[in-house]
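Trainee: On the provided structure of chain W, position chain L as indicated by the hints.
The primary structure of each chain is shown beneath.
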Amino acid sequence: MEFLTNPLFLKIVYGVGVTCAIMGLCSYTVLAERKICSWIQGRVGPNRTSLPIIGSIPYIGRFLTRLGIFQPAADGLKFLFKEEMTPGHVNKFYFILAPILSLIPALTTVAVVPFGYYVNEIGEQIPLVLANLDVGILFIFAISSLGVYGIVLGGWASNSKYPFLGGIRASAQMISYELAMGVSVLPIFMWINGPDREGTLNLFHVVQAQEGLWFAMWMPVSALIFLVCLFAETNRLPFDMAESETELVGGFNTEYSAFKFGLFFVGEYAHMIVGSCVMTLLFLGGWQPAPFLTWEFFGVENGLLAAVLSVGTFMGKMCGFLFLFIWVRWTLPRFRYDQVMKLGWQVLLPLSIANFIVYIFVIYFLDTQILN
Amino acid sequence: MAIILKRKPLNFLERLYIPEVVRGLTTTFLKIFEKPVTLEYPEQRPTIPEGYRGVPTLVKDPEGREKCVSCQLCEFVCPPKAIRIIPGELGDDAPNAHVEKGPKEFDIDMLRCIYCGMCQEVCPEEAIWLQNQFSMTGYSRAEMVNNKAKLYELGGTLPDQHFKWNKKRDAAENGGNHH
Numbered sequence: 000m001e002f003l004t005n006p007l008f009l010k011i012v013y014g015v016g017v018t019c020a021i022m023g024l025c026s027y028t029v030l031a032e033r034k035i036c037s038w039i040q041g042r043v044g045p046n047r048t049s050l051p052i053i054g055s056i057p058y059i060g061r062f063l064t065r066l067g068i069f070q071p072a073a074d075g076l077k078f079l080f081k082e083e084m085t086p087g088h089v090n091k092f093y094f095i096l097a098p099i100l101s102l103i104p105a106l107t108t109v110a111v112v113p114f115g116y117y118v119n120e121i122g123e124q125i126p127l128v129l130a131n132l133d134v135g136i137l138f139i140f141a142i143s144s145l146g147v148y149g150i151v152l153g154g155w156a157s158n159s160k161y162p163f164l165g166g167i168r169a170s171a172q173m174i175s176y177e178l179a180m181g182v183s184v185l186p187i188f189m190w191i192n193g194p195d196r197e198g199t200l201n202l203f204h205v206v207q208a209q210e211g212l213w214f215a216m217w218m219p220v221s222a223l224i225f226l227v228c229l230f231a232e233t234n235r236l237p238f239d240m241a242e243s244e245t246e247l248v249g250g251f252n253t254e255y256s257a258f259k260f261g262l263f264f265v266g267e268y269a270h271m272i273v274g275s276c277v278m279t280l281l282f283l284g285g286w287q288p289a290p291f292l293t294w295e296f297f298g299v300e301n302g303l304l305a306a307v308l309s310v311g312t313f314m315g316k317m318c319g320f321l322f323l324f325i326w327v328r329w330t331l332p333r334f335r336y337d338q339v340m341k342l343g344w345q346v347l348l349p350l351s352i353a354n355f356i357v358y359i360f361v362i363y364f365l366d367t368q369i370l371n
Numbered sequence: 000m001a002i003i004l005k006r007k008p009l010n011f012l013e014r015l016y017i018p019e020v021v022r023g024l025t026t027t028f029l030k031i032f033e034k035p036v037t038l039e040y041p042e043q044r045p046t047i048p049e050g051y052r053g054v055p056t057l058v059k060d061p062e063g064r065e066k067c068v069s070c071q072l073c074e075f076v077c078p079p080k081a082i083r084i085i086p087g088e089l090g091d092d093a094p095n096a097h098v099e100k101g102p103k104e105f106d107i108d109m110l111r112c113i114y115c116g117m118c119q120e121v122c123p124e125e126a127i128w129l130q131n132q133f134s135m136t137g138y139s140r141a142e143m144v145n146n147k148a149k150l151y152e153l154g155g156t157l158p159d160q161h162f163k164w165n166k167k168r169d170a171a172e173n174g175g176n177h178h
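Sequence lines, in order, name chains W and L.
Residue numbers for the first sequence follow numbering that gives the first Met the number 0, beginning at 0 and rising by one.
Residue numbers for the second sequence follow numbering that gives the first Met the number 0, beginning at 0 and rising by one.
So here's chain W without its partners, still in its complex pose:
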C-alpha cells in the first residue's frame, strides 16, 4: 500500500481522471449542443436512445431517455464502427496525423488548468492541477494555437479543393485573432505582476488575485475581446470559416469519416471546454463564488469540502460559458470571410492595443497613487 501515497501514482490517477472527465464532458457538450439547438429551433432533439435496464425504470428511465442522456454512447459507438474511408488521392501520413494533432493540444492544455483548490494541514491553498506551471498562460497560448495545425494539415493532406480552402481560411483566421487575444489579456498580468507583488503567470494566482473584483468587472473590454477571439480560436460559429458547411461542404473535414472525423469533432469540443476554463479563470474569478466573497469567507476550512465546493463553482461557471458558446452558435449567422478579416485586423487588434494602453495608465495610477 506504499504506492498509494506515492505522488507519482496520485498524479497518474488524477491525470486519468481529468482526461476521462474531459472526454465525458466533450460527449455531453455534444448532447447539450444538440438539445439546446433543438429547443431554440422549436424541436425536441434526441429522445429515443435508451439503455436496457436503466431505461426501463419507471419515470426516471423515461425522463432520462427523453433528455437524451444515453445518446452520447450511441454517437460514440457510431464513430467507432462506421466504415473508415481513406480516399485514394490523399497524403496518407499527414491525413492520419491531422486529426491526432487537432485533439492533442486541446487535451494537453488541460494539464495546466486548475480546477479548484484544497486546503492542507497548515491551512495553505493547494491548487488542484495536473502541472502547476509558473508560465501557465503562456503554455496555454503556445499549445492551444498548435490546434490549428491539425486543421491546416487536414485541409492540405486531403488534397481536394474544399478542404484546402478551409485550411487556408483557418490559418488566416488563427493568425489574425491570436494577436488580439494575446494583447487583451496583458492588462491582467500587468496588474498581477505589479510592484511589491510576486511575479507570476500562474493561472492559480490569477484566480487568487480575483478575491475582490473579478477582472471581467473592471476590464470588460478585455473580457469581450478575449471572448470574441475565443470564438474565433475554437472555430465556432459565427467564425467557423474553416468548416462553413454551406459554402465549403464541411471545409477541412470534408474527406474525413468515422473515427478520424470523430477525433476532429472531439477536438473541437475539447478546445471549447479548455477555452471556457481559461475564460473563467482569467475573467470570471475561477472558483470564487461571488465578487468580494471567497469560500474561506463562508467558513470553508475543511480541505475536502473546499475542494468539492471550489471545483463545483468552477465547473458551474465553465458550463455557463459552454452554454454561451452553444447559444451564440444557434443565434448568429456566419460572418463573411472578408468581414472576419476586417473584424480581426481593423477592429479587435486596434481596440485591444488601445485597451492595453488605457490600462497601463489605470494600473500605474492604482499602483502608485491609490494603493500606496
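Keep in mind that a hint or two might mislead.
As the list claims (entries may be wrong) - With a Cα cut of at most 27 angstroms, we get these calculated DSSO-like pairs of lysine-lysine:
hint: 1; chain 1: L; residue 1: Lys100; chain 2: L; residue 2: Lys163
hint: 2; chain 1: L; residue 1: Lys147; chain 2: L; residue 2: Lys100
hint: 3; chain 1: L; residue 1: Lys80; chain 2: L; residue 2: Lys149
hint: 4; chain 1: W; residue 1: Lys91; chain 2: W; residue 2: Lys81
hint: 5; chain 1: W; residue 1: Lys341; chain 2: L; residue 2: Lys5
hint: 6; chain 1: L; residue 1: Lys80; chain 2: W; residue 2: Lys341
No wet-lab data here; the hints were simulated from the structure.
Mentor: Chain L alone, transformed into the frame defined by chain W:
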C-alpha cells in the same frame, strides 16, 4: 424591371454589433422555453384535413356490401396504369345478386399510383376513395401492391347517401322501371 430596395443605413449602436447580438440572443433564449412545434411522428400523427387525397382504398357501404361493381372505369382512367381489376360474377346466391358483377381481384400498385384522385372522381358507385392514410412502406415491390383484401381493410365503411342498388331492387320488385 429591377426593384431597388433602399436599405436604411445602420445607426451607430447597430454598427457596434454588440446590442444587436444581445437582442438576437434574447430572442433565441426565449425560444428555449416555448413548446416544440414539431410532432414526434410515429406516435403523434398530424390531423388530416377533410378531402385529403391519401392512399386509394375500396369502401363498403353501411350494410356491409362491397360497392365496387368492377366497371373498370378507374382502371381505364388511371394515368399511370396503377389499377388492375379482374371482374367476376357475384353468383345467384349472393345477398346482392342483382348487382351481378363485383371485382374478383383488385390490385393497386402503390409504386405507380400518383395520388391524382381520378379513380375516385370517375367511380359511378363511390366505391374507391382516397382517404387519409399518407404513408405506405414495404420491403419489396410485391408488398407495395395493395390487393383487394388490403384495400377493403384500409377503406373500411363510409356512410352512403343513396343506397342506389337497394332502390333498384325495390323498383324491380315493385315492377316499376327505375331507369
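Trainee: The structure should be examined with respect to each hint, and the outcome stated for every one.
Mentor: Here's how the hints hold up against the structure:
no.: 1; hint: Lys100/L <-> Lys163/L; result: holds, 15 angstroms
no.: 2; hint: Lys147/L <-> Lys100/L; result: holds, 15 angstroms
no.: 3; hint: Lys80/L <-> Lys149/L; result: holds, 19 angstroms
no.: 4; hint: Lys91/W <-> Lys81/W; result: holds, 19 angstroms
no.: 5; hint: Lys341/W <-> Lys5/L; result: holds, 25 angstroms
no.: 6; hint: Lys80/L <-> Lys341/W; result: violated, 62 angstroms
The structure is inconsistent with hint 6 alone, although it conforms to all the rest.
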